[in-house]
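Make a model of the complete structure from these sequences and hints.
Next come the chains, spelled out residue by residue.
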Amino acid sequence: MNTVCPDIVIDSAKYNHSLYSETTSEEQIIYMESGRQFYSKLIEFEGFYLHSSAVAMGERAYLFSGPCGTGKSTHTRLWQQLFGEAAQVFNDDKPALRRREGRWYAYGTPWCGKDGINQNKKVPLAGICFLKQADHNSIRRLSPQEAIQKILSQTFHKIKSAERLDKMLTLLDQIVREIPVYELENRPETDAAKLSYETMRRGAEECGL
Amino acid sequence: MKLKKDLVLREVAGSWVVLPTGEATVDFNGMLSLNDSGALLWRTLENGADKQGLIDALLAEYEVEASLAEADVSAFLDKLANAGCLED
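Sequence order for the protein chains is A and B. As numbered in our numbering, the first sequence has no gaps in its residue numbers, which increase by one up to the final residue, 209. As numbered in our numbering, the second sequence has no gaps in its residue numbers, which increase by one up to the final residue, 88.
Careful, some of the hints might be misleading.
Pairs of lysine to aspartate or glutamate residues, derived as EDC-like cross-links and limited to a Cα-Cα distance of at most 20 Å, are as follows [to be verified]: (1) A:Lys160 <-> B:Glu11; (2) A:Lys158 <-> B:Asp27; (3) A:Lys160 <-> B:Asp72; (4) B:Lys5 <-> B:Asp88; (5) B:Lys51 <-> B:Asp72; (6) A:Lys167 <-> B:Asp72; (7) B:Lys4 <-> A:Glu163.
Chain B residues, not near chain A, derived (Cβ > 12 Å throughout) [stated by the list, open to error]: (8) Glu46; (9) Asn47; (10) Cys85.
Computed footprint of chain B on chain A, listed as stretches where at least three residues anywhere in the stretch have a Cβ under 8 Å from a Cβ of chain B [unchecked claim]: (11) 49-61; (12) 166-174.
It is worth saying that the hints were derived from the structure and are not from the lab. Just so it is clear, CB atoms sit at the ideal spot from N, CA and C, and this is done for glycine as well.
Following this line, the structure appears as structure tokens:
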């Protein structure tokens, strides 16, 4: 008989309710706590989450990241408007990123946001873009230092275990060296989506991603 | 002068960052970026040093005027104090 042994087990008995205000629903607590446990463990499997909206164009995944309210979902919806079925949003909150055999992949996960936009798929990562609201559209490549700071701000950066922190920093070092990271100042309009797509597609091609 | 416990300095993609671990995760927010001389000063401080010790470390490594080294060390210590890296 074959017994499947899961790599990561989520223990609801360990959900820490005290971290949340009284107005937080039980459902939200379960969502946040289960995610916390999963993603903490994932670091040991060469992976971490990025608070972002993930869109796949064929075999390339592009992640749009930033704090809540910067327009991540709005931007990927603009890609869908522009490209139709060719643009598939496969996670709208916390896709997982994992480095396997020297390549980075983005994964759909159950932690996909309140609209439940989610596909169980694994797509090679081609680029990450941080969004900033502005009255114009312009995009630039971030320096490694800027990229590190931005990525950390949208994933775990308070890691209690020194060993896990070290592992996380190794992953961060790798991703910043291997994946182009941008900042897009933008208005919520299709021109911004055209600009991000053209720039990131070119960047991916140049990097062989 | 002492650094708070559980602050980790590491090189990531060619630049130096300081992040909290263990107990330091409670109070320390965000991440600190250091350049090469900042990282040198941090490492010197990790081994225990006073202000003069830090100035000496800079002078040993870089060809710089003593007054500039002193100014750099003061700025560095201010940065660390503001970020909550130093023991009271």
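Cross-check of the supplied hints:
1. A:Lys160 <-> B:Glu11: Holds. Lys160 of chain A to Glu11 of chain B sits at ~19 Å (cutoff 20 Å).
2. A:Lys158 <-> B:Asp27: Since the Cα atoms of Lys158 of chain A and Asp27 of chain B sit roughly 10 Å apart, the hinted pair holds (cutoff 20 Å).
3. A:Lys160 <-> B:Asp72: Violated: Lys160 of chain A and Asp72 of chain B sit about 32 Å apart, past 20 Å.
4. B:Lys5 <-> B:Asp88: holds (12 Å)
5. B:Lys51 <-> B:Asp72: holds (11 Å)
6. A:Lys167 <-> B:Asp72: Roughly 32 Å between the alpha carbons, so the hint for Lys167 of chain A and Asp72 of chain B is violated.
7. B:Lys4 <-> A:Glu163: Cα-Cα ~18 Å, so holds.
8. Glu46: holds (14 Å)
9. Asn47: Asn47 of chain B is indeed farther than 12 Å from all Cβ atoms of chain A, at 19 Å.
10. Cys85: Cys85 of chain B clear of chain A: closest Cβ-Cβ about 15 Å, beyond 12 Å.
11. 49-61: violated (count 0)
12. 166-174: Three-residue rule met by the segment 166-174 of chain A, so holds; n is 4.
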